[in-house]
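K.L.:
Sequences listed follow chains A, B and C, in order. For our numbering, count along the first sequence from 1 and bump the result up by 1181. For our numbering, count along the second sequence from 1 and bump the result up by 6. For our numbering, count along the third sequence from 1 and bump the result up by 259.
Keep in mind that the hints were calculated from the coordinates and are not lab data. Even glycine gets a Cβ: it sits at the ideal position worked out from N, Cα and C. Treat each hint with caution, since some may be false.
[To be verified] A partial selection of chain C residues facing chain B, derived with a Cβ cut-off under 7 Å:
id	residue
1	R330
2	I333
3	G336
4	G359
5	W366
6	V477
7	L523
8	I525
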Amino acid sequence: MRPLLAVLLALALTALLIVAAGKNPLLAYAALGRGALGSWDRVGVGLNKATPYVLTGIGVALCFRARVINIGAEGQIALGGLAATWIALMFPQAPPVVLPLLALAAGALTGAGWAALAAAIRLHRGVHEVLVTLLLNFVGVLIVSEALQGSLGEPGAGFPQSPLLPRASWLPRVLKGSDLHAGIVIAVIVVVLAHVLLWRMPFGFRLRVLGASTPAAVYAGISPPRALLGVMSLAGALAGLAGAVEVLGVHYRLIDGFSHGFGFNAVAIALLGALNPITVLPAGLFFGFLETGALAMQRAVGVPTPLVAVIQGLTMIFILSAMGLSARRSKV
Amino acid sequence: MDVAAELLAAALRIATPLLFAALGGILSERAGVFAVGLEGMMLAGAFAGVIGTHTLGHAGLGLLASAAGGALLAAVVAIATVRCCADQMVTGLAVNILALGLTSYLLRGLFGRGEAPIVRVTPLTQMPIPVLGDIPVVGPLLFRQPGLTYVGLALVVVMVAALQRTRAGLTLRAVGENPTAAFASGANPIRVRVLAVLGAGVLAGVGGAVLSLQQVGTFTDGMTNGRGYLALAAIIVGRWSPGGALVGCLLFGATDALQLRIQGLRLPFSSYVIQMLPYVVSLTVLAGLGRSARLPAAIGIPFFREPR
Amino acid sequence: MLRMRGISKSFGSVHANRSIDLEVAPGRIVGLLGENGSGKTTLMNILFGIVPPDAGTIVFKGRPLVGHSPREAIAAGIGMIHQHFMLVPAMTVTENVMLGWEATGRWLRPAGVAQQISSASSAYGLGLDPAARVELLPLGAQQRVEIVKAVLRGAELLVLDEPTSSLSPPEVAGLLRILRRLREEGRSVIFISHKLGEVLEVCDEVVVLRDGGVAGRVGAASVDRHELARMMVGREVNAPLDRIARAPGAERLVVANLTARDALEIERVRGLSFSVRAGEVLALVGVDGNGQAELARVIVGIERPTGGAVFVDGADVTAGGVAARRAAGLAHVPADRATTGLVTDMTIAENLALRAFDEPPLRHGPWLDPDAMTELARERIADFAIRAPGPATVVRTLSGGNQQKIVLARELGSRPAVLVAEQPTRGLDPGATRFVIDQVIALRAAGAAVLYVTTELEEALLVADRIGVMHQGRLVGLLRREHVDLGRLGLMMAGALEEPSDPAALYGVPTP
């Protein structure tokens, strides 16, 4: 209930901003809606956009459950995409089912490794995970840029990008007449698995206890460092997977900067989804459709696309304030 | 020798926006509120500074506008975290997203026709101090800097004195360490924290103006590019003291200056590796200091009048 | 000087204060006596402005105090020394005294304030060093910092909330001397406590609170301990205990030469050795802060000791963690049930599974078994008479006594070999306290070894077969209960006396 109210409030405030720019908010939102859901083709694009959001959102939500703030999705996605690209280019002869699976696995592993690095720095040197994951984002993205200048780059292209990946590595389409690729299926499977993990398995129990009270967790025999390492690696794996999905399903090549902005959006989606995998799904869909609609909104009504970031930021702030107020009330 | 001096001078110049933001962040964090929103406050200040100068015609008014812009965003942080007890770290992130969207949107909405316009202002120039500026080595480093850099350095001294020697400073530090004790001694922790966060917004906003007005001359989307987070790192490196933060900011400024100069030379590393330098250095320094850093004890913990 | 009328305050469904009247004349020490939860602290928090009352008036020195905060209370002349000290640990004594004190001016003049602290310190015999950092001071000294702060700000009424809970007996005597000195100057004192002896010793009159209301108002000279106790509790206090003397069996918990540090790397446990046998209760008494917490953490496996070993039923468990020690039969009731012993936002069933969720029957392969958890919860709720709607109830909604029952149900339900219990009756009403003590005695009868860490001497005397005294991380005395002399115990707790360990007591062999 609360996330829904936050979204509505954010939309209302943003409407004021639209008015300030001299445009009609109702027309703008209508264009937004049409752009997002107007046709099966649009829906397919929206679902594609939502897929990496759902995957990274779940990872961050699980981290939040253990009170770990992980904003490293951007770097993890970038490196996951890099790994997938490398595999695809290295083994173009592999059969069409094996190659994408291999590439996806490589992406997940690389993302997990990058996140584990952040966790290790956090655990052994006591640096707060927000700073570590943030700084590693920059480094990860630059590593990808560097690779695109060198061995993985496409010489002659006007823009840092890799050569087109072999057809065998592309993710299959699942809806005729649209661009919707198999990534959404992966996302839904992950949602179910994550839900089961959190609520039905000892690891999830550990996360929930740790997030509620560190002394109680220690008393219960849970090792906070091990749980932190585990949940961050898992989140990294999901982000790396998302990166691989983007590369294999949408772009069919590695493009410089394709991971931009995912880190913070994942946090927003996790919050919007109330830290529950099942509800992170609609939250991710919301963000995905919001973005596809924004371009249409700009074209149709002339409202600039950065407005979407305003909606996202406001939504987060309202949800956080409401969470703070209710936590405070329960302490009385 | 000259090269080194020139490098240091450049480092100080580049570090100035960081310095303002870091000093603001110290106010906030010493009072017990994480200053993760510095990035957004800086960006808002950068935007407001350019727009203010452009519409009001005077750089001084633009500076005021930048302070107001930073303070506006800081007000959002203050209400959410101090009054509503929202999680401070994540609220900071949310405010940064908000600032990114808001500034880009307003730039296009108010000045372009849906596209990003280019608003140019005359960058603030160097203000060399006569005589002193001619002293070899030290001269160019300390006395041939842009005006706001001098202000920044002076601010370091002011802040040290204010924190240690004034009653307000003592109260602020106490609120950051044990707000309940401060409350029981007659202070008002809520008010202190709100004021501290607003102060952070003003300073970070001015830092943003240093970037847009003094260094670049225009506003582009997301131009702060992580400087607010580097300021946070500088605060930690400096153990939450103004002097230490200055050292931290200089460190990052030097790495950045070095990186720019190296790009001109033909070294075997690609420019991307060199661009990584500031971030890797930050991480290494933070990791090296890591556990010995001593945070204000009550940071991150919201205060409200206890019922028992 | 002070007149509080009709003060009422409720927190949700809890009526902390019901229309309380309180009057204090100048130059008097008034004791405010009551059990935990009787409303004493709430009443004083209202007086001091920390919490607003729902109803009632306060008039101090002829002027009403309405809607005020501590700032106005201090300005009017009220000073409060809280139970949990309101000091900034990282700052010096001088800085703490200057905090919030407007008279020090915009620019601080620490030298002047330090001077004032020194003179007040000698005048009242406080022994304070203005430049010392508060976090390094012993608890007794920290309390005196709060006193000097109140006195220097011109407090005419001082309120002390449970001031002796962290003091050794000689320090208590010192505090009472200071209070009498203040009374001679014409200041008044409100002395909040649940300790009858001290209240009778220093107070002129006593107001007894029970369940949020005034249960009695008497002059201290005209009343005795039994009457006061009866007023506090509302019924006859002494109920006989089911305690049979027994010959203890084999050693179940052995601690050899343990040393341990706290979070600030200060050594808190210095070479402790003792053992607890089957069917016996060893009570460890001592003023809070002498290493008991660190000792418990090391025995239970939450922290690694820096030296020494721990044995459970003969097996060396020193290298293992919490889970390993649980498997060896070690149960633990932590001092802080709300943040450590329980996850208050989770259900009863989940809390009962808190330590055993990773093994059958609560776990099957990779899955948790929620049905098994619910079944177990139903059993325990019945066995321990936990008053709650059901296994899915969120623990936060339960009373302190019921919450502690959940902790006990979990720890005792697994039939442990050894129980380490830290302050298990803290914050509980007499009925719940009795329940806990009965459970401990029953466990003893079943042949387990119990290590009972407490600050309440009377409670230790009720349950223990042997009593050990901890001071500054060492065992300064270990005696059989029959050989205990309260006066010497007090001295041991203050570190003024060290008893060579009575060998019979050390090995728990009954003397012929």
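K.L.:
Are the hints correct? Go through all of them and say.
P.N.:
Do the hints match the structure? See the list:
1. The interface hint given for R330(C) is met, as the beta carbon of that residue sits about 4 Å from the closest beta carbon of chain B, less than 7 Å.
2. Of the supplied interface hints, the one on I333(C) holds, with its beta-carbon coming within about 5 Å of a beta-carbon of chain B, less than 7 Å.
3. Against a cut-off of 7 Å between C-beta atoms, the interface hint on G336(C) is violated, since the closest Cβ of chain B lies about 13 Å away.
4. A distance limit of 7 Å between C-beta atoms decides the matter here; for G359(C) the minimum to chain B is near 3 Å, and the interface restraint holds.
5. At about 6 Å, the closest approach between the beta carbon of W366(C) and any beta carbon in chain B falls short of 7 Å, and the interface hint on this residue holds.
6. The beta carbon of V477(C) comes no nearer than 27 Å to any beta carbon in chain B, farther than 7 Å, and the hint placing it at the interface is violated.
7. Interface hint at L523(C): violated, since its Cβ lies 11 Å from the closest Cβ of chain B, which is beyond the 7 Å cut-off.
8. Restraint check, I525(C) versus chain B: the minimum CB separation of about 16 Å is more than 7 Å; hint violated.
When the structure is compared with the earlier hints, violations turn up for hints 3, 6, 7 and 8 and for no others.
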